[in-house]
Amino acid sequence: NAGVTQTPKFQVLKTGQSMTLQCAQDMNHNSMYWYRQDPGMGLRLIYYSASEGTTDKGEVPNGYNVSRLNKREFSLRLESAAPSQTSVYFCASSIQGLKEAFFGQGTRLTVV
Amino acid sequence: KQEVTQIPAALSVPEGENLVLNCSFTDSAIYNLQWFRQDPGKGLTSLLLIQSSQREQTSGRLNASLDKSSGRSTLYIAASQPGDSATYLCAVYGSGAGSYQLTFGKGTKLSVIP
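As they're listed, the protein sequences go chains X and Z.
For our numbering, add 71 to where a residue sits in the first sequence, where the first one is 1.
For our numbering, add 56 to where a residue sits in the second sequence, where the first one is 1.
The reader is advised that the hints may include incorrect statements.
[Unchecked claim] In silico DSS-like pairs for lysine-lysine, Cα to Cα no more than 30 Å straight-line:
| # | chain 1 | residue 1 | chain 2 | residue 2 |
| --- | --- | --- | --- | --- |
| 1 | Z | 98 | X | 142 |
| 2 | Z | 124 | X | 128 |
| 3 | Z | 165 | X | 170 |
| 4 | X | 80 | X | 128 |
| 5 | Z | 162 | X | 170 |
| 6 | Z | 98 | X | 170 |
| 7 | X | 128 | X | 142 |
| 8 | X | 170 | X | 128 |
| 9 | X | 128 | Z | 162 |
[What the hints assert, rightly or not] Partial list, computed: chain X residues near chain Z (C-beta under 10 Å):
| # | residue |
| --- | --- |
| 10 | 99 |
| 11 | 112 |
| 12 | 113 |
| 13 | 121 |
| 14 | 123 |
| 15 | 127 |
| 16 | 138 |
| 17 | 169 |
| 18 | 172 |
| 19 | 176 |
To be clear, the hints were calculated from the coordinates, so they are not data collected in a lab.
Where a beta carbon is used, it is the ideal one built from N, C-alpha and C, also for glycine.
The following block holds chain X by itself, in its conformation from the complex (with noise of 0.2 Å):
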C-alpha cells in the first residue's frame, strides 16, 4: 500500500527560484494537507483542502499556493522561493476533515 506518496524527496533551490511540490494519496480520501516541520516550530499548516475542488488558507500560507488536481492529488507551489521556506514538507490526507490523518514520508527543502 503506497499510501501518501510526495516528490521529489530532496530539493535545493536558489532564492527567487520556483517549484511545485507534488502529492498524490490512493487511499481514496476526501481531505488533504500541506505542512511544514521547523525545529523548534513543530508542524504548521499551510493549505488544506477539505474536499476535492475547494482550498483554504491554513496558519502559514503566505508564499505558497496550492491546486487540487483531482481527488488523488494536491499540489504546493512555491513560485519565489526564500531562504525562510527552508524547512521538510508534509502532505497528508484524511479520509474526511477531523478524522485520522496519514502522512507521506516528506520533502526536503533547502533554499540558498
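Mind docking chain Z on chain X? Use the hints.
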C-alpha cells in the same frame, strides 16, 4: 489559540520498562486527538486516534487516554523495546474555526536502551 505541550522533551529508559508520555492542551473543546511517531528523517506514522467522546484507545502495547476536562492525554507504552525509539507527537483537532488544522506538540524524543 490552541497550544499543545509535551513533557518531557526527551526520555531515556532501559529496555523492558513501562513508560508514559504526556500531552496537554489549552483549549478543552477538541474534536479528536491523535498520537504519531516519527523516526529520524522520516514521515509521521499514525499510532492512535482518540475521538472526543472516548476515554481511551488501545493498539498492541500502546494505550492512549484522554481527559478533555483537564486538557490532558497520555500515551502508555508497555514493555518498551529498542525499536520504540523515536519521537512521539501529540496533535489535536479543534472543534471551532480552523478545526481542519491539527495543532501539534513539539514531541517527546524517546530512547530505549538495550
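Satisfaction of hint between residue 162/Z and residue 128/X, Cα-Cα up to 30 Å: 22 Å, holds
Restraint check for residue 80/X with residue 128/X, where alpha carbons must lie at most 30 Å apart: 24 Å, holds
Distance restraint between residue 98/Z and residue 142/X, which requires alpha-carbon spacing of 30 Å or less: 25 Å, holds
Supplied contact hint for residue 176/X, tested at 10 Å Cβ to chain Z: 4 Å, holds
Given pair status - residue 128/X, residue 124/Z, alpha carbons within 30 Å: 27 Å, holds
Residue 121/X as chain Z interface residue, shortest Cβ-Cβ below 10 Å: 6 Å, holds
Residue 169/X as chain Z interface residue, shortest Cβ-Cβ below 10 Å: Status holds, d = 5 Å.
Agreement of hint residue 99/X with chain Z interface, Cβ distance less than 10 Å: 17 Å, violated
Evaluation of the interface hint that places residue 123/X against chain Z, nearest CB under 10 Å: 15 Å, violated
Status of the hint placing residue 138/X at chain Z (closest C-beta pair under 10 Å): 18 Å, violated
Hint consistency between residue 128/X and residue 142/X [alpha-carbon to alpha-carbon, up to 30 Å]: Holds, at about 18 Å.
Residue hint residue 127/X, partner chain Z, criterion CB-CB below 10 Å: 7 Å, holds
The structure does not agree with the numbered hints 10, 14 and 16 stated previously, though it agrees with the rest.
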